[in-house]
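*Asks:* Heads up: the protein sequence lines correspond to chains U and A, in order.
Note that the first sequence covers residues 0 to 241 in numbering that gives the first Met the number 0.
Note that the second sequence covers residues 0 to 219 in numbering that gives the first Met the number 0.
Derived from the structure by calculation, the hints contain no laboratory data.
Accuracy of the hints is not assured; some may be wrong.
[Stated by the list, open to error] In silico lysine-lysine, DSSO-like type, Cα no more than 27 Å apart, as pairs:
{"hint": "1", "chain 1": "U", "residue 1": "Lys104", "chain 2": "A", "residue 2": "Lys3"}
{"hint": "2", "chain 1": "U", "residue 1": "Lys157", "chain 2": "A", "residue 2": "Lys130"}
{"hint": "3", "chain 1": "U", "residue 1": "Lys104", "chain 2": "A", "residue 2": "Lys145"}
{"hint": "4", "chain 1": "U", "residue 1": "Lys108", "chain 2": "A", "residue 2": "Lys140"}
{"hint": "5", "chain 1": "U", "residue 1": "Lys108", "chain 2": "A", "residue 2": "Lys3"}
{"hint": "6", "chain 1": "A", "residue 1": "Lys117", "chain 2": "U", "residue 2": "Lys108"}
{"hint": "7", "chain 1": "A", "residue 1": "Lys140", "chain 2": "U", "residue 2": "Lys157"}
{"hint": "8", "chain 1": "U", "residue 1": "Lys104", "chain 2": "A", "residue 2": "Lys140"}
Predicted, not measured: the structure shown is a model, and the values here were computed from it.
Listed here are the chains, written in short residue letters.
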Amino acid sequence: MPLVDIRDVRKSYGAVEVLKGVSLDIAQGDVAAIIGRSGSGKSTLLRCINGLETYQSGSICVDGVEVAGEKTNLRELRRNVGMVFQQFNLFPHLTAAQNVTLAPKVVNKTGETQAMDLAKEMLAKVGLSDKAGNYPSQLSGGQQQRVAIARALAMRPKVLLCDEITSALDPELVNEVLRVVERLAKEGITLILVTHEMRFARDVGTKLVFMHAGKAHEEGPPKALFDAPRTPELRQFIGAPA
Amino acid sequence: MTYKLQFGELLPYMGVLFEGLLFTVVLTLISTVAGVGLGIGGAAARTFGPPWAGRVFVIYVELIRNTPFIVQLFFIYFGLPALGLKLSESQAAFLAMTINLGAYSTEIIRAGVEAVPKGHIEAGVSLAMTKWEVFAHIILKQALQKIWPALSSQIIIVMLGSSVVSQISAEDLTYAANFVQSRNFRAFEAYFAVALAYLGLAIVMRAMLRGIGRLMFPGH
Ligand SMILES: Nc1ncnc2c1ncn2[C@@H]1O[C@H](COP(=O)(O)OP(=O)(O)O)[C@@H](O)[C@H]1O
Ligand SMILES: [Mg+2]
Chain U
0 MPLVDIRDVR KSYGAVEVLK GVSLDIAQGD VAAIIGRSGS GKSTLLRCIN GLETYQSGSI
60 CVDGVEVAGE KTNLRELRRN VGMVFQQFNL FPHLTAAQNV TLAPKVVNKT GETQAMDLAK
120 EMLAKVGLSD KAGNYPSQLS GGQQQRVAIA RALAMRPKVL LCDEITSALD PELVNEVLRV
180 VERLAKEGIT LILVTHEMRF ARDVGTKLVF MHAGKAHEEG PPKALFDAPR TPELRQFIGA
240 PA
Chain A
0 MTYKLQFGEL LPYMGVLFEG LLFTVVLTLI STVAGVGLGI GGAAARTFGP PWAGRVFVIY
60 VELIRNTPFI VQLFFIYFGL PALGLKLSES QAAFLAMTIN LGAYSTEIIR AGVEAVPKGH
120 IEAGVSLAMT KWEVFAHIIL KQALQKIWPA LSSQIIIVML GSSVVSQISA EDLTYAANFV
180 QSRNFRAFEA YFAVALAYLG LAIVMRAMLR GIGRLMFPGH
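Isolated chain A (complex conformation) (with noise of 0.2 Å):
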């Protein structure tokens, strides 16, 4: 059995290929800064917040870690029209993702908010501060910088999962790989190219993450 393998089959799709890769990239961004900022907000809620914010953002949690990335997908796209709410691919797309990376953080943040020492609310507390201005100035750094790099992984994760969102026809690197095959049948040559281009975004997401994280984090 043997099989040729003609990588020179993909030129002509290369366009096509670095729109996916660009749309896998801007919706990993995006979608990090969002889920991140949301994880934030579940973490402060959960240990700072006023009880039912907190049992909100629990079953929100539970909700999405314990389903499918694709069911909470499709619910988005296919099944909140019921509802009355239409998005298009890509809203769908980026609203899944910044839900579910959304849960993941809370989770992992608040595990890090809960390991600064009690002792520095209360300095922080005994120094006039609000109890927000305790989390948003003393608590967020600290807990972020323990918990910096599982937060990381869960980013990265969370980026291989987005290939998900080809199911819906968002036109993602996955997307484009899936329409490249269809076209010229070299289904090897355009997963294997493509599981390339997922393999150097995630080193270099995680290159950058490191980058960021002694940036934010000086001093330990």
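Bound conformation, chain U alone (with noise of 0.2 Å):
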């Protein structure tokens, strides 16, 4: 059974349909890297994942979990599927520590000294252990990011999302970015994200997955498609020769 599996979804903003039935399998340990133009829907996809947008018909279950389901505990979903967004989010009130540990604390009820072990472990995976007493405004954009990341995992969700996590980044920015979810791809986590990285997708990436006019238009390994799009839309949208 795929850990994310969506049927046939589709999802209207008012009059406008956005999601014109995306079909999607995402399996365990999967990296699926989905791309498309800009307004393609990506992101609408993506917090259809986690509830943070209703859809008007089909299916996503996560970890066998209807998202949309009438008994579905929303905050039990949301426990495993964390979220990185384009604009970090930081909660700019609290350290680099007390952002990753919140969550844990108000939703698990995890206790203090756990919490402190907690911040350390998930600042050390995104590299910034010696940031833990910094505000969000003590941070370069990268290591805001970066504390994004960590922050998420602490609540250590069975899938990741993330979109278009280094789009607002500055340029020298965004391989430290890069390079800490290469490692989590390495680690074996879940991860679904939307990206303009072609060539990350294309390296890290088990899966390639082309979001066109509010559908998955085409999908299938990133090698494979990049070498040969088959759809005349993905070869014109990864600039190869016809």
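Two independent chains are provided; combine them into the complex using the hints.
*Replies:* Structure (structure tokens):
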């Protein structure tokens, strides 16, 4: 059974249908890179997976639990689905360590000493052990995004959603974040990444998904797809010769 | 025209004046805590609560912001007994002050809440926090930080406005001044001394509020 099972999901904002029947399987340990033009519904799809958005029809199951199910405990679901945003969204009134431990303390009732260990462990994972006491305003964009990753990981999610997490960064800071993501991928964490970093998608992804016009237009192994796109839309998107 | 200032004539009444000062300080402290608490609740209701709760607070805020404080006070002290609710002067003063500050701080804090980026709410929600947990742990402190200067000013305004409670014979600083000058006929001295006391209170409170702000909001 796939860890994330998306079946024919349709989603409209008012009269505008944004997702027009998306189907997608993501297995445990997959690193799924979602690419596609701006406005093709990539963010909307991610946000449906953790219940930030609702959808009108179809189904999304995470670890066997239907996101929009009537009896679904969204809190339980979101424990299993972490999310990292383009704009970091760190809490400015909390230090890096406090950002990491807030949800474990509030949601999981993790005790103070355990929380401190957790902060250490997670900040080490993203290479920021020395920044535990810094406030977000004292960190570079790349460091802030790494704290945001540590914060999401602190809930020990089964799958981590990343929505263009390097798009708001200065070019010289992109790599430090990508390296962290690559390390997570090697550790076997299931990742779904919306990204414009084609090289990264090709090298680190285990699966490439091309979103186009509200659908998963083409999917497959990244290298194969980049080398030989089957549809003209993907061919055009990656700028491959026809 | 000469008038000989005789502040010495206030000396026998220092005890009365001090008690009035103490009442004003305590009245301000308690109604500040209660009023800001009410404001936090109101802001939460208006931004995160069910629509009916939001509407209740809209009506409350508009009612209070568009009527004079002294009328609110008189309504509570003289009007409510008609409904069977008889309060002492002090109780009425505390209640009126709290309700008044509660309305203004609802508006002020709500503005702060709305200035918190929506992304922080989504980040909190996607970390499996409920919206109330998000409000309490993520939004509230940021909101208070953003509006702390405005809220501080409002608290001072309410402290100064508390002088009105002397009109229902709550024994505050202004009541004490009225009392003193009715006894020794030294109106200038009495009100001058009390004006200085209010000024001193306002300066001290401003400094304290600034200090509290620095303690509560590090790292910005
Ligand atoms: N909250 C919203 N309300 C209305 N339309 C929206 C909303 N969010 C996104 N859209 C629209 O949905 C479409 C897909 O958006 P999005 O999922 O953000 O695309 P992508 O992430 O691929 O750029 C766009 O046309 C966008 O304008
Ligand atoms: Mg997007």
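*Asks:* Hint by hint, note whether the structure agrees.
*Replies:* Hint check results:
At most 27 Å may separate the alpha-carbon atoms for a hinted pair to count; Lys104 (chain U) and Lys3 (chain A) exceed this at roughly 68 Å. Of the supplied pair hints, the one linking Lys157 (chain U) and Lys130 (chain A) holds, its CA atoms being roughly 23 Å apart against a limit of 27 Å. Annotation: proposed proximity of Lys104 (chain U) to Lys145 (chain A) holds, straight-line Cα distance about 25 Å (limit 27 Å). Between the alpha carbons of Lys108 (chain U) and Lys140 (chain A) the distance comes to roughly 21 Å, so the proposed pair stays at or under 27 Å and holds.
For the suggested pair Lys108 (chain U) and Lys3 (chain A), the alpha carbons sit about 70 Å apart, so the restraint of at most 27 Å is broken. Among the hinted pairs, Lys117 (chain A) with Lys108 (chain U) is consistent with the structure: their alpha-carbon atoms are about 25 Å apart, no more than 27 Å. For a cut-off of 27 Å, the pair hint linking Lys140 (chain A) to Lys157 (chain U) is broken: about 31 Å separates their Cα positions. Taking the CA atoms of Lys104 (chain U) and Lys140 (chain A), the gap is about 17 Å. The hint holds against a cut of 27 Å.
Violated hints, in rising order: 1, 5, 7; the structure is consistent with all others.
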